[in-house]
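There are 2 protein chains.
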Amino acid sequence: MNMRDFTFYTPTKVIFGKDAENRAGVEAKALGATKVLLHYGSGSVIRSGLLKRVEEALTAQGLSYVELGGVVPNPRLGLVYEGIELCRKEKVDLILAVGGGSVIDSAKVIAYGVAEPGDVWEIFDYKRVPTACLPIGVVLTIAATGSEMSNSTVITKEEGGLKRGYNNEICRPKFALMNPALTMTLPDYQTACGCTDIMMHTMERYFSNGGNMEITDALAEGLIRTVMQQARILAKDPQDYDARAEVMWAGSLAHNGLTGLGTDGGDWMPHKLQMELGGKYDVAHGAGLAAIWGTWARYVYRDCMDRFKKFAIRVMGIPDEGDDEAVILKGIEAMEDFYREIGMPTNMRELGVEPTDEDCVEMAKKCAVSVGGAKGSAKVLREPDMLAIYKAAR
Amino acid sequence: MNMRDFTFYTPTKVIFGKDAENRAGVEAKALGATKVLLHYGSGSVIRSGLLKRVEEALTAQGLSYVELGGVVPNPRLGLVYEGIELCRKEKVDLILAVGGGSVIDSAKVIAYGVAEPGDVWEIFDYKRVPTACLPIGVVLTIAATGSEMSNSTVITKEEGGLKRGYNNEICRPKFALMNPALTMTLPDYQTACGCTDIMMHTMERYFSNGGNMEITDALAEGLIRTVMQQARILAKDPQDYDARAEVMWAGSLAHNGLTGLGTDGGDWMPHKLQMELGGKYDVAHGAGLAAIWGTWARYVYRDCMDRFKKFAIRVMGIPDEGDDEAVILKGIEAMEDFYREIGMPTNMRELGVEPTDEDCVEMAKKCAVSVGGAKGSAKVLREPDMLAIYKAAR
Chain Y
1 MNMRDFTFYT PTKVIFGKDA ENRAGVEAKA LGATKVLLHY GSGSVIRSGL
51 LKRVEEALTA QGLSYVELGG VVPNPRLGLV YEGIELCRKE KVDLILAVGG
101 GSVIDSAKVI AYGVAEPGDV WEIFDYKRVP TACLPIGVVL TIAATGSEMS
151 NSTVITKEEG GLKRGYNNEI CRPKFALMNP ALTMTLPDYQ TACGCTDIMM
201 HTMERYFSNG GNMEITDALA EGLIRTVMQQ ARILAKDPQD YDARAEVMWA
251 GSLAHNGLTG LGTDGGDWMP HKLQMELGGK YDVAHGAGLA AIWGTWARYV
301 YRDCMDRFKK FAIRVMGIPD EGDDEAVILK GIEAMEDFYR EIGMPTNMRE
351 LGVEPTDEDC VEMAKKCAVS VGGAKGSAKV LREPDMLAIY KAAR
Chain U
1 MNMRDFTFYT PTKVIFGKDA ENRAGVEAKA LGATKVLLHY GSGSVIRSGL
51 LKRVEEALTA QGLSYVELGG VVPNPRLGLV YEGIELCRKE KVDLILAVGG
101 GSVIDSAKVI AYGVAEPGDV WEIFDYKRVP TACLPIGVVL TIAATGSEMS
151 NSTVITKEEG GLKRGYNNEI CRPKFALMNP ALTMTLPDYQ TACGCTDIMM
201 HTMERYFSNG GNMEITDALA EGLIRTVMQQ ARILAKDPQD YDARAEVMWA
251 GSLAHNGLTG LGTDGGDWMP HKLQMELGGK YDVAHGAGLA AIWGTWARYV
301 YRDCMDRFKK FAIRVMGIPD EGDDEAVILK GIEAMEDFYR EIGMPTNMRE
351 LGVEPTDEDC VEMAKKCAVS VGGAKGSAKV LREPDMLAIY KAAR
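First to last, the sequence lines map onto chains Y and U. Residue numbering for the first sequence follows the numbering used here, starting at 1 and increasing by one per position. Residue numbering for the second sequence follows the numbering used here, starting at 1 and increasing by one per position.
The reader is advised that the hints may include incorrect statements.
Note that the list lumps identical chains together, so a pair holds whenever it fits in one copy or between two copies.
Here are the computed lysine to any residue pairs in the SDA-like style, where the Cα-Cα straight-line distance is at most 20 Å [claimed, not checked]:
hint, residue 1, residue 2
1, K52, G70
2, K174, D5
3, K52, S42
4, K236, R47
5, K18, T7
Honestly, the hints are just simulated from the structure, not real lab data.
Full structure from sequences and hints, please.
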């Protein structure tokens with residue numbers, strides 16, 4: 001028996017397609033909401049008119065609202081505290097995140113904070129487990145993180161620069177309104193980063209030595225192939241509605257759990273390695289992942305030959321001929337070719353950063369600490385492995 | 001723009017794996033239940049000891065229960081009325097279906113009936129729309145219908161033999177406990193029927209002329225290929241846990257909506273044609289579908305060439321060489337070869353029935369009425385088409 005037991009729980013009601021944001025009022029009202037916090041990031045949702053449309057959708061259903069903008073990438077605890085205070089004062093009973101992963105994550109932390117007394121940071125300091133969370137809705141504007149259906153959130157405490165993640169089923173959004181047209185104004189680079197992030201959420205789960213489920217693999221392979229195909233279309237025509245839609249839905253499926261069922265959950269070391277890189281150099285998450293992935297893959301594949309071979313053949317279309325190792329290496333190269341094709345880097349130089357040996361030592365040390373010494377499923381990595389990958393990825 | 005808008009809502013918490021049934025008490029209690037109706041079919045769940053384990057799981061959490069067995073395939077309204085009365089008398093607040101699709105469907109109708117006053121048949125007579133439904137849990141023992149995650153239920157009113165279906169989001173089960181080992185005792189024929197039904201739920205959605213979503217196709221193709229692969233394993237070794245698990249999970253995914261998103265929802269004429277066949281001859285649902293599919297496919301493929309070609313190449317592995325029509329026909333033949341391989345029929349004779357011309361006329365007439373005159377997406381079929389297919393499928 002190879003298959004691991006699993007729980008699959010995705011209660012988010014997804015409304016997908018043209019003008020989906022106009023359902024905001026109806027869906028919020030159906031949940032019994034009366035007063036909504038509209039949470040967003042920069043002024044782009046104001047300039048584009050999106051926020052206004054959402055406001056009108058709420059008003060049309062007799063709901064009132066207050067607003068809190070200003071969420072930044074790697075969202076901060078300071079704004080969350082502000083949001084909690086505002087929600088308490090205004091008796092908000094639903095938080096509507098209008099934006100991408102950062103806005104949704106910030107909304108989740110506010111929702112935890114409003115629902116129960118005590119400092120919300122205690123949850124991220126693993127000192128208490130929340131048992132309640134205000135209902136959350138989403139109007140999604142960026143396809144990438146999958147936070148719109150996920151149970152996870154990441155928040156940064158400014159003091160000490162502490163970035164912490166926390167997963168709990170109670171924070172899954174109640175509804176997600178996904179209009180692919182809203183993602184059309186994203187810059188090409190950010191679109192490519194999003195596609196990379198989405199593929200990587202699936203690939204992290206795919207490269208595993210723990211457990212096996214054929215149907216999970218088949219779904220994962222289909223998802224990665226589709227995103228590659230659609231990312232190529234978007235690199236040429238960012239206004240292609242269908243391609244935007246494919247990528248947007250793939251983003252939710254890639255991180256709602258579906259592509260990792262029946263296994264140990266996957267490897268996740270590329271994400272961990274990128275986290276330190278991103279912490280030090282402030283590079284885009286997806287680009288950082290692409291810059292590291294090839295080096296990571298070459299470093300670990302000998303410990304996970306079956307899956308790397310399957311990946312090369314089924315996802316990258318490499319013919320199943322000759323030496324297994326040659327097939328695997330061709331698969332890794334083909335993925336790097338794809339990254340270049342959509343304008344993503346395949347090493348740190350292409351990413352625009354040039355860490356010294358000392359920088360690599362520092363990142364490896366931090367990375368090792370962040371994973372408690374060792375992590376990985378394709379191959380378990382420790383500090384010397386991390387250092388070797390950082391150096392080779394330059 | 002080819003993609004259709006969609007709503008995706010799958011709130012069922014799935015607990016999948018070894019001894020999953022032992023979670024019955026914990027999950028029911030988490031929903032606030034105090035008194036449970038244990039609903040089941042034949043005595044097999046008693047003989048196997050399953051019912052006892054579920055009872056113990058409830059008792060261990062301080063829940064009490066009452067029982068109602070006797071659900072038959074094509075579940076009956078009479079037993080539903082009995083269940084509603086019992087639930088009201090005993091103040092049941094959660095219904096736990098222990099069985100396959102028929103038991104779950106029966107449980108859903110009882111749940112509608114208990115939650116609101118009035119004759120529950122009115123819902124199936126489309127005279128009122130229910131707004132409430134008692135919470136439902138499932139301990140699944142047969143992989144086939146997907147009712148454990150679906151919004152649909154089918155019930156038969158004995159008087160007049162009226163078989164009616166009704167879909168509503170409020171009846172989706174709150175939790176589904178899926179232990180693949182529970183399906184190991186199914187007879188081989190029933191296992192093959194289940195695999196056929198699961199594949200057909202996906203194929204019905206796949207063969208469509210309305211809308212297109214690449215990722216939906218990729219997931220559907222992966223699902224069908226996986227079920228074929230695993231059905232072959234089960235034909236040789238019915239005790240293969242992993243293969244049972246693959247098929248069980250595929251059954252839920254095939255009918256929870258995932259494999260039809262972004263299109264018009266699919267064709268569904270094979271199901272409709274089989275419904276009349278099943279009504280007249282009492283054949284197993286999956287076997288009836290297999291007996292009709294090849295004839296249906298040959299009748300309609302010219303109106304849906306792109307998809308039949310894609311199916312032949314991506315699902316059946318036919319090389320993309322030469323004439324499109326030849327590729328398509330090879331794909332259909334390959335599917336029929338597969339049916340034979342797992343012991344399924346590919347025509348009515350192999351199914352064990354021999355309808356006369358008059359029988360075919362009668363079934364075509366009934367089928368046409370049941371779909372309101374015409375139905376289909378690969379090709380819209382009317383009574384003469386249906387008659388031609390029934391005759392040719394003999």
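Verification of the supplied hints:
Only within a single protomer do K52 and G70 lie at most 20 Å apart by alpha-carbon distance; the minimum there is 17 Å, versus 56 Å between protomers. Taking CA atoms no more than 20 Å apart as the test, K174 paired with D5 passes between copies only; the shortest distance there is 19 Å, against 26 Å inside one copy. Within a single copy, K52 and S42 get their C-alpha atoms as close as 14 Å, which meets the 20 Å cut-off; across copies the closest is 58 Å, which misses it. For the identical chains of this complex, K236 and R47 are neighbours neither inside a copy (26 Å) nor across copies (63 Å), given an alpha-carbon limit of 20 Å.
Taking the shortest alpha-carbon separations for K18 and T7, only the inter-copy value of 12 Å comes in at or below 20 Å, while the best intra-copy value is 32 Å.
Checked against the numbered hints above, the structure breaks only hint 4 and satisfies the rest.
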